[in-house]
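Chemist: As a plain string of letters, each chain reads:
Protein chains: 2
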Amino acid sequence: MLIIGELINSSRKAVAEAIEKQDAETIQKLAGDQAEAGADFIDVNAGTFVGKESQYLKWLVTNVQEVTDRPCAIDSPDPEAIQVALEIHKGIPLINSISLEKERYDSLLPILAGTDFKVIALCMSDAGMPESVEDRLKIADQLVNGLIQNNVKTENIFVDPLVQPVSVNKTFGMEFLNAVEEIMKRFEGIHTVCGLSNISYGLPARKFLNRCFMTMAISRGLDAAIMNPLDQQMMAAVAGAEALAGKDDFCMNYLKAFRAGNFAD
Amino acid sequence: MLIIGELINSSRKAVAEAIEKQDAETIQKLAGDQAEAGADFIDVNAGTFVGKESQYLKWLVTNVQEVTDRPCAIDSPDPEAIQVALEIHKGIPLINSISLEKERYDSLLPILAGTDFKVIALCMSDAGMPESVEDRLKIADQLVNGLIQNNVKTENIFVDPLVQPVSVNKTFGMEFLNAVEEIMKRFEGIHTVCGLSNISYGLPARKFLNRCFMTMAISRGLDAAIMNPLDQQMMAAVAGAEALAGKDDFCMNYLKAFRAGNFAD
Numbered sequence: 001m002l003i004i005g006e007l008i009n010s011s012r013k014a015v016a017e018a019i020e021k022q023d024a025e026t027i028q029k030l031a032g033d034q035a036e037a038g039a040d041f042i043d044v045n046a047g048t049f050v051g052k053e054s055q056y057l058k059w060l061v062t063n064v065q066e067v068t069d070r071p072c073a074i075d076s077p078d079p080e081a082i083q084v085a086l087e088i089h090k091g092i093p094l095i096n097s098i099s100l101e102k103e104r105y106d107s108l109l110p111i112l113a114g115t116d117f118k119v120i121a122l123c124m125s126d127a128g129m130p131e132s133v134e135d136r137l138k139i140a141d142q143l144v145n146g147l148i149q150n151n152v153k154t155e156n157i158f159v160d161p162l163v164q165p166v167s168v169n170k171t172f173g174m175e176f177l178n179a180v181e182e183i184m185k186r187f188e189g190i191h192t193v194c195g196l197s198n199i200s201y202g203l204p205a206r207k208f209l210n211r212c213f214m215t216m217a218i219s220r221g222l223d224a225a226i227m228n229p230l231d232q233q234m235m236a237a238v239a240g241a242e243a244l245a246g247k248d249d250f251c252m253n254y255l256k257a258f259r260a261g262n263f264a265d
Numbered sequence: 001m002l003i004i005g006e007l008i009n010s011s012r013k014a015v016a017e018a019i020e021k022q023d024a025e026t027i028q029k030l031a032g033d034q035a036e037a038g039a040d041f042i043d044v045n046a047g048t049f050v051g052k053e054s055q056y057l058k059w060l061v062t063n064v065q066e067v068t069d070r071p072c073a074i075d076s077p078d079p080e081a082i083q084v085a086l087e088i089h090k091g092i093p094l095i096n097s098i099s100l101e102k103e104r105y106d107s108l109l110p111i112l113a114g115t116d117f118k119v120i121a122l123c124m125s126d127a128g129m130p131e132s133v134e135d136r137l138k139i140a141d142q143l144v145n146g147l148i149q150n151n152v153k154t155e156n157i158f159v160d161p162l163v164q165p166v167s168v169n170k171t172f173g174m175e176f177l178n179a180v181e182e183i184m185k186r187f188e189g190i191h192t193v194c195g196l197s198n199i200s201y202g203l204p205a206r207k208f209l210n211r212c213f214m215t216m217a218i219s220r221g222l223d224a225a226i227m228n229p230l231d232q233q234m235m236a237a238v239a240g241a242e243a244l245a246g247k248d249d250f251c252m253n254y255l256k257a258f259r260a261g262n263f264a265d
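Same order as they appear, the protein sequences are chains F and R.
Under my numbering, the first residue of the first sequence is numbered 1, with each subsequent residue one higher.
Under my numbering, the first residue of the second sequence is numbered 1, with each subsequent residue one higher.
Bound conformation, chain F alone (with noise of 0.2 Å):
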């Protein structure tokens, strides 16, 4: 499971307030806590910023990478930010996002043609979030096909699906869920990536659906998620789902969770 660590993000209002006051040290602690933790990817997002964003998430960029050499995930719907934060980032970044938006899809595809940057593909398009299995998986096609044209390769790929809430109609899990399993079979080494506690909208304990949510997914194939590494519980669900699911050889990563102490029995 490739994690990628969403606690720096502007929508937090302790990173808000962090990243207003230049506070580089709350920020590299959250990235070394997270790296620590297991995170492959420190997401940055400084999207609240609105005229400021790109002078932020390169600041971002540059404190977290002064303490973790994992890459970050430059989490922007602005192509022109990540391209600033993009000119000093070291090593292999993932780009989050692109969509089929027509602007999104146009600015950003350029930057990415050619390159080995890792890119997630967020099932959206200027007709709005998709609702069933099949408006995910036609969307789906056309970016992946597009990135594919434009010489990135299927494994840089993370497609993201879009979780929408149970609570709004009882289907839009099981069409997630389906949609994952699609995408894993029809594009061979590409990954799909999901941020998922937007299942759990409007319900009670959301923490604990969103767990349970998480252990389905793994069971479909979804080998990526933008998620909360220090989140004992959540990562002890993605250990042990691994494990259910046939991915972890000899239940090695399970064990060593185990006996990390991440788990209530």
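Any copy, or any two copies together, can satisfy a pair, since identical chains are not distinguished.
Lysine to aspartate or glutamate pairs mimicking EDC-like chemistry, simulated, CA-CA at most 20 Å apart: (1) Lys52 to Asp23; (2) Lys13 to Asp231; (3) Lys90 to Asp69; (4) Lys185 to Asp223; (5) Lys170 to Asp223; (6) Lys170 to Asp249; (7) Lys247 to Glu131; (8) Lys153 to Asp116.
Because the hints were derived from the structure by calculation, they are not lab data.
Being a predicted model, the structure only gives us computed values, none of them experimental.
Dock chain R against the given chain F, drawing on the hints supplied.
Modeler: Same frame as chain F, but now just chain R:
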């Protein structure tokens, strides 16, 4: 989800003692507690008492039916013992279980033919336990078709594809899940069932793993389980998984279970 309460089983020391002492109170408390916690069937098993199994099974059925109107799951590999218990069982029982093992199949089929009894059909043959999806489906096809030809209704059949431990072979979890999905697709109206604790054999934090696996199985269509309904965390996993898998209109059961306080977020 149909829940078959598993606690009245002579392989459990306290139950074996209660049976030997003919301590009806202990058995009746277990039956009542399981019914109250949501069991749809109360499993009764006296299999450890060689030579006395029929007599004890009959005693268990009598005592259970004095305190609850939930039907019994009459649990024995021995068709004779099942028949003795059936003589006094009121209502429509669940027979646990038929399999493709020749002796068991040939002697149990006449008991089931043309009845409204519900029956668990174990994917087991004289060749032993199946490992792959294909092995399971081959046995399931023969069992289900045999039962249907003998006028057992599809909706009264509960196929158990048999869980084997992921610690023995990492593919065993997925083989089981894929079998559940395929069986539910192949026979309209059929049920799938399992006693899933075998999945975690040989690993630590077994209850945790069993809950994760239940969650996965429900998302594949599993709609019955032989389990302990007094295990609140497992019951919470069932409620959560059903909401996520689109089997709970407006998440009503989930919200009810949450209000009953079974959840650790």
